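Make a model of the complete structure from these sequences and hints.
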Amino acid sequence: MEPVIQVRGLHKAFGTHEVLKGIDFAAGKGEVVCIIGSSGSGKSTLLRCINLLETPDGGAILYHGKDILTDATINMPQYHAKVGMVFQQFNLFGNMTVLENCMTGQMKVLGRSREESMENAMKYLRKVGMEAYVSAKPRQLSGGQKQRVAIARSLAMDPEVILFDEPTSALDPEMVGEVLSVMQKLAQEGLTMLVVTHEMGFARAVADKVVFMDQGVIAEEGAPEEVLGSPKHERLQSFLRSML
Amino acid sequence: MPTASTSFFGWVAFLLQKYGMLFLRGTGMTLLVALTGTAFGFIIGLLVAIVRATSPVPTLARKSFAAAVRCALLKAIQLLLAAYIQVFRGTPMIVQAVVIYYGAQYAGVYMDTTFAAIFIISINTGAYMAEIIRGGIFSVDKGQFEAAHAIGMTHWQTMTTVVLPQAIRNILPSVGNELIVNIKDSSVLNVISVSELFFQAKSAAGAYYRYFEVYFIIAVIYLILTLTVSRILRFIELKMDGPDNYVIHGSQSDSRAEIVVSRENAEEVEKRWNQ
Numbered sequence: 001m002e003p004v005i006q007v008r009g010l011h012k013a014f015g016t017h018e019v020l021k022g023i024d025f026a027a028g029k030g031e032v033v034c035i036i037g038s039s040g041s042g043k044s045t046l047l048r049c050i051n052l053l054e055t056p057d058g059g060a061i062l063y064h065g066k067d068i069l070t071d072a073t074i075n076m077p078q079y080h081a082k083v084g085m086v087f088q089q090f091n092l093f094g095n096m097t098v099l100e101n102c103m104t105g106q107m108k109v110l111g112r113s114r115e116e117s118m119e120n121a122m123k124y125l126r127k128v129g130m131e132a133y134v135s136a137k138p139r140q141l142s143g144g145q146k147q148r149v150a151i152a153r154s155l156a157m158d159p160e161v162i163l164f165d166e167p168t169s170a171l172d173p174e175m176v177g178e179v180l181s182v183m184q185k186l187a188q189e190g191l192t193m194l195v196v197t198h199e200m201g202f203a204r205a206v207a208d209k210v211v212f213m214d215q216g217v218i219a220e221e222g223a224p225e226e227v228l229g230s231p232k233h234e235r236l237q238s239f240l241r242s243m244l
Numbered sequence: 245m246p247t248a249s250t251s252f253f254g255w256v257a258f259l260l261q262k263y264g265m266l267f268l269r270g271t272g273m274t275l276l277v278a279l280t281g282t283a284f285g286f287i288i289g290l291l292v293a294i295v296r297a298t299s300p301v302p303t304l305a306r307k308s309f310a311a312a313v314r315c316a317l318l319k320a321i322q323l324l325l326a327a328y329i330q331v332f333r334g335t336p337m338i339v340q341a342v343v344i345y346y347g348a349q350y351a352g353v354y355m356d357t358t359f360a361a362i363f364i365i366s367i368n369t370g371a372y373m374a375e376i377i378r379g380g381i382f383s384v385d386k387g388q389f390e391a392a393h394a395i396g397m398t399h400w401q402t403m404t405t406v407v408l409p410q411a412i413r414n415i416l417p418s419v420g421n422e423l424i425v426n427i428k429d430s431s432v433l434n435v436i437s438v439s440e441l442f443f444q445a446k447s448a449a450g451a452y453y454r455y456f457e458v459y460f461i462i463a464v465i466y467l468i469l470t471l472t473v474s475r476i477l478r479f480i481e482l483k484m485d486g487p488d489n490y491v492i493h494g495s496q497s498d499s500r501a502e503i504v505v506s507r508e509n510a511e512e513v514e515k516r517w518n519q
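Protein sequences, first through last, are from chains H and U.
Numbering of the first sequence is given in the working numbering, commencing with residue 1 and proceeding in unit increments.
Numbering of the second sequence is given in the working numbering, commencing with residue 245 and proceeding in unit increments.
Read the hints as simulated data drawn from the structure, not as lab findings.
Bear in mind that the values here come from a model prediction, so they are computed numbers and not experimental data.
By construction, the Cβ of each residue, glycine as well, lies at the ideal position given by its N, Cα and C atoms.
The reader is advised that the hints may include incorrect statements.
What the hints assert, rightly or not - Pairwise CB distance ranges, derived in the manner of DEER restraints:
(1) 115(H) x 310(U): 31 to 41 Å
(2) 139(H) x 322(U): 25 to 35 Å
(3) 312(U) x 30(H): 35 to 45 Å
To be verified - So these bits of chain H aren't anywhere near chain U, every CB distance computed over 10 Å:
(4) 21
(5) 26
(6) 29
(7) 40
(8) 63
(9) 112
(10) 116
(11) 236
(12) 239
In structure tokens form, the structure reads like this:
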């Protein structure tokens, strides 16, 4: 199977601090990859590089075999539309209602009509259970509700892959479940997902592959039952113990 | 004609009757130059702030000669704009007025005084507005820039649809300040004979040597202008904030349909809705 996203020898440093020291991995179509690791291990930076929110210093990021860093035939806005991102802090547009948040990208980037955008936005707001709140402003919503809207905003662009950067880390404990269940539903429907998470239960239940990052490299990867069930790496063992 | 024994109020009444039209025309001119000057200053400030907030490093990893040239050009323009702000914030408007008005005559350009007044207020205000708007742009949290870029919006689209609407709302109180300052400080333009309120008062006061009475009258007029403007701005702020309530939309068979949620009943409605 040809991978949708493939990362080869990715390097990234902030000043003299090397955050990514040569990352290689791939995610195939419909695959759910959970990236785990302690903070500072480079998980978020990896996702942000794939989305070009950070510019990598070296290596390649292949999208359907084309390097997004060098291949001039890739249209960047289109690439961003195809590779969505959900953030820890939701980052909803504060000046827009829930519905407008899910429409604006479709109209501005994909050039869809207002009617088509609205219809599509409503479809995904229904999917995340937020259709009743279309006229609310982000500041009027709870954290879990905001994150579900953020997921709908991403989905409304009809992406091929969504990158989730610790989507439940900023939520109150009782709101984690509603967001995870939406994500589980998306995984079952065959969306390709790269998820940076501290939710081991979610990783175990939903992931096709778990990647453990440690100090800028991938220390261990494999099926969740292997990586989480019988970890070989000593740092992974102590990391998993600390998560209990 | 009042006599030496005429009271303060007698003089005020007399002067209002005699020079009422003059004060009114002066008020009109003051409002004209302050409002248009602030409006143009706002536009100048907006453009300057957007250029100054543009990152000279291309966000894409792709490096090319054309990108490098664009980068250098942007940096040069940013330097010029920084100089503009420093110069116009660092010198008094009364000095700017004289230098520009008479300086232009040196170059053979004889400006209409009204045009000169609007021009001077605009570029002076533009320098302040640029900094105010830059602050407003930074007040919008960085995550929203990232979210907009992450769905493929360009820098310009991000600015116009996401960042500036929020930045402008956040800086509205400061913009109101600028307008109020301009209503008052346009009085310095009397040095280039702009026929605004202070200039008119000067000629009215000179006619009967009634300085206190005349300046008392225009003080009241300035106060009325600034109070009215502050009220209008506050109203616009509230309008921009929109309602505190929102409607939960349900189906027609649903008893919970169309519930208005306000801060007071939010939790209760949520509970009912989630049941």
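Results for each hint:
1. For residue 115(H) and residue 310(U), the hinted distance range of 31 to 41 Å is satisfied, since their beta carbons lie about 38 Å from each other.
2. Our hint of 25 to 35 Å for residue 139(H) and residue 322(U) holds, since their Cβ atoms are close to 33 Å apart.
3. Checked against the given bound of 35 to 45 Å, the beta carbons of residue 312(U) and residue 30(H), roughly 41 Å apart, stay inside it.
4. For residue 21(H), the shortest C-beta to C-beta distance to chain U comes to about 18 Å, beyond the 10 Å cut-off, and the non-interface label holds.
5. With a closest Cβ-Cβ approach of about 20 Å to chain U, residue 26(H) is found to remain outside the 10 Å limit, as its non-interface label requires.
6. Annotated as non-interface, residue 29(H) keeps its C-beta farther than 10 Å from every C-beta of chain U; the closest such distance is 21 Å.
7. Listed as a non-interface residue, residue 40(H) keeps its Cβ farther than 10 Å from every Cβ of chain U; the least gap is roughly 20 Å.
8. Against chain U, the non-interface label of residue 63(H) holds: every CB pair exceeds 10 Å, the least being about 13 Å.
9. Every C-beta of chain U lies more than 10 Å from that of residue 112(H), the closest at about 13 Å, which supports listing it as non-interface.
10. Distance to chain U confirms residue 116(H) as a non-interface residue, since its nearest Cβ pair spans about 16 Å, more than 10 Å.
11. Against the 10 Å criterion, residue 236(H) stays outside the reach of chain U, whose nearest CB is about 30 Å from its own CB.
12. In this structure residue 239(H) is separated from chain U by more than 10 Å, as the shortest Cβ-Cβ distance comes to about 27 Å.
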